[in-house]
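First to last, the sequence lines map onto chains E and F. Under the working numbering, read the first sequence as residues 1 to 190, first letter to last. Under the working numbering, read the second sequence as residues 1 to 343, first letter to last.
Treat the hints with caution; some may be incorrect.
List time: in silico SDA-like cross-link candidates among lysine to any residue, alpha-carbon distance up to 20 Å [stated by the list, open to error]:
| # | chain 1 | residue 1 | chain 2 | residue 2 |
| --- | --- | --- | --- | --- |
| 1 | E | K86 | E | C6 |
| 2 | F | K137 | E | Q131 |
| 3 | F | K144 | E | E120 |
| 4 | F | K224 | F | S122 |
| 5 | E | K8 | F | E271 |
| 6 | F | K63 | F | E84 |
| 7 | E | K119 | F | Q129 |
| 8 | F | K316 | F | D55 |
| 9 | F | K30 | E | K119 |
| 10 | E | K119 | F | A223 |
| 11 | F | K144 | E | E129 |
| 12 | F | K30 | E | A82 |
| 13 | F | K175 | F | H275 |
| 14 | F | K299 | F | T335 |
| 15 | F | K137 | E | N123 |
| 16 | F | K34 | E | K86 |
| 17 | F | K293 | F | T335 |
| 18 | F | K144 | E | T165 |
Everything labelled a hint here was simulated from the structure, so no lab data went into it.
Residues per chain are reported as follows:
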Amino acid sequence: MKCQHCEKPATFHITELTDPNGPSVLHLCEEHARTFLSNEGTATPASALSSMLAKQLKIEKAAEELATADKKTCPICGITFADFRKGGRLGCGYDYIAFEDDLEPLLVNIHGALQHMGKEPTNRSGSPERQHRLMQLKVEMKDAIGKEDYETASRLRDKITEVETGDESSWIEHEPEELDDDFQSETPIV
Amino acid sequence: MRGQGPESDIVMSSRIRLARNLSDFPFIRKCTPKDRIAIATSVHHALDSLPLSSDAEYVDVAKLGDLDRQFLMERQLISHELSESQGARAVILDPNERFSIMVNEEDHLRLQVMQSGLDLESAWQRMDQLDNQLESKLIYSYNKRLGYLTACPTNVGTGLRVSVMLHLPALVATKQIDKVFRALNKINVAVRGLFGEGSQFMGDFYQISNQTTLGKNELALVAKVREVVPRLIDYERKAREFLVNESRQDLHDNVSRALGILCTAKKISSEETMHYLSKVRMGVNLGLIDDVKIPTVNKLFIHTQPAHLQKLCGHKLSVTDRNIERANYLQLHLTKRPESEIN
Ligand SMILES: [Zn+2]
Ligand SMILES: [Zn+2]
Chain E
1 MKCQHCEKPA TFHITELTDP NGPSVLHLCE EHARTFLSNE GTATPASALS SMLAKQLKIE
61 KAAEELATAD KKTCPICGIT FADFRKGGRL GCGYDYIAFE DDLEPLLVNI HGALQHMGKE
121 PTNRSGSPER QHRLMQLKVE MKDAIGKEDY ETASRLRDKI TEVETGDESS WIEHEPEELD
181 DDFQSETPIV
Chain F
1 MRGQGPESDI VMSSRIRLAR NLSDFPFIRK CTPKDRIAIA TSVHHALDSL PLSSDAEYVD
61 VAKLGDLDRQ FLMERQLISH ELSESQGARA VILDPNERFS IMVNEEDHLR LQVMQSGLDL
121 ESAWQRMDQL DNQLESKLIY SYNKRLGYLT ACPTNVGTGL RVSVMLHLPA LVATKQIDKV
181 FRALNKINVA VRGLFGEGSQ FMGDFYQISN QTTLGKNELA LVAKVREVVP RLIDYERKAR
241 EFLVNESRQD LHDNVSRALG ILCTAKKISS EETMHYLSKV RMGVNLGLID DVKIPTVNKL
301 FIHTQPAHLQ KLCGHKLSVT DRNIERANYL QLHLTKRPES EIN
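Let the sequences and hints guide you as you build the complete structure.
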């Protein structure tokens, strides 16, 4: 018998009892079995995740919509939603915001929930929204310098310092309405 | 695992892991080689200033040879993914193997706490402390709504995976295992069994873990897994009782033959070893074999794996040579010589 993922002989036969359709048997070569098992039992393997995602999207979205979703790109890491669908792995923390609409049904499907209830880090400056905000401001500042608009540039530099050192309130209230707005836009945000 | 701890006749080990990412870097798939180095360096620096690092060892996995990487994998201190991926990656090892921290695995950080027997609560407490310590030096990628952000959406939220490894030979022997697990599946707990070639059971080990990571707090997730374990232990005990009552002679014969093969074979595969060690383990726990100790059996499960044998010999061995070496090793540690107890 051949491995389900490659041409090597299947030497491992793993019964997956987590499948909602009842136990299913996987036939894998040693290499693929190890990859599968070292996923610590439950983390859905990337391939299963992307097929789950594909199925779900097909049900919920028309082909046209799907093509639109696939083209969505994260402004921070540059990954597209299609890239995520293929590999099952996200490119950065901001993807959870950039692809929010498309990830939400998936998260509900996997976890049955959309709100974190567990512990929180004491240092919460690691939020992707904040990082995105910083990036926007830096691009704008560079822009302003390029145009020799030093007044704006200096205002933006102060703003950057404020976001970098401040707490959540220093950027959340100034967050632009549309997160997906082109961050290189020349419209002054402050 | 030392074969101690609560319910250790059935529960091999309790394990908790957390997935964490640093906010200053993209997730692994978008990391440049430079990013990976910077992540490893910042984790290394953070550890140097923490109390846990006084005796923990930072190991550069990229510099390890095949055998060393496989050795760490066999001890479940690193994953296959960490072992086989490319670029800067590391593992921080506790000398007592009570925790390990993988750097640049699927997520920037994978913290793992291990405990023998069934003791999830204290494993979680240790994990919580370890995480708090690291978090005081590193900035984690975190979002108020979705919690700790992870490369795979299946881990987002708490990033927590709680798992218990169980030895269930009697449920397997009485063919009740599928029925039991079908019932478990309904409550969102994942079960995984490992089988070898020809659907021979690989040691009758099963792993139970939580399926979801978002929407419940850590203690609730721990409790969810913890809750089902006593039921499984109970089922397994009943099945063992049944086997002893129905056919004590057959069972005694069966486990004694298993021990006989392990003690006398001249060549034995890893799979066959697992298969017979599992029977011997049950035999010892039922008092049918009394000259072998459980910690010895538990250690043999690990020490007879390929990289362990090769490390012991100090060089690489072919499959055939490994099978011969394994047979020698088993004979040395299972025949009635108290001084041969493995340390
Ligand atoms: Zn394969
Ligand atoms: Zn991204």
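How the hints compare with the structure:
1. K86(E) / C6(E): Cα-Cα ~18 Å, so holds.
2. K137(F) / Q131(E): Holds. K137(F) to Q131(E) sits at ~18 Å (cutoff 20 Å).
3. K144(F) / E120(E): holds, 8 Å
4. K224(F) / S122(F): Roughly 15 Å separates the two Cα atoms, so the pair holds.
5. K8(E) / E271(F): The given pair, whose Cα atoms are some 19 Å apart, holds under the 20 Å limit.
6. K63(F) / E84(F): holds, 12 Å
7. K119(E) / Q129(F): holds, 12 Å
8. K316(F) / D55(F): violated, 30 Å
9. K30(F) / K119(E): Distance of about 27 Å is beyond 20 Å: violated.
10. K119(E) / A223(F): holds, 16 Å
11. K144(F) / E129(E): holds, 10 Å
12. K30(F) / A82(E): Status holds; Cα separation ~15 Å.
13. K175(F) / H275(F): Since the Cα atoms of K175(F) and H275(F) sit roughly 16 Å apart, the hinted pair holds (cutoff 20 Å).
14. K299(F) / T335(F): holds, 15 Å
15. K137(F) / N123(E): This hinted pair holds, its Cα atoms lying about 9 Å apart.
16. K34(F) / K86(E): violated, 25 Å
17. K293(F) / T335(F): holds, 11 Å
18. K144(F) / T165(E): Holds. K144(F) to T165(E) sits at ~19 Å (cutoff 20 Å).
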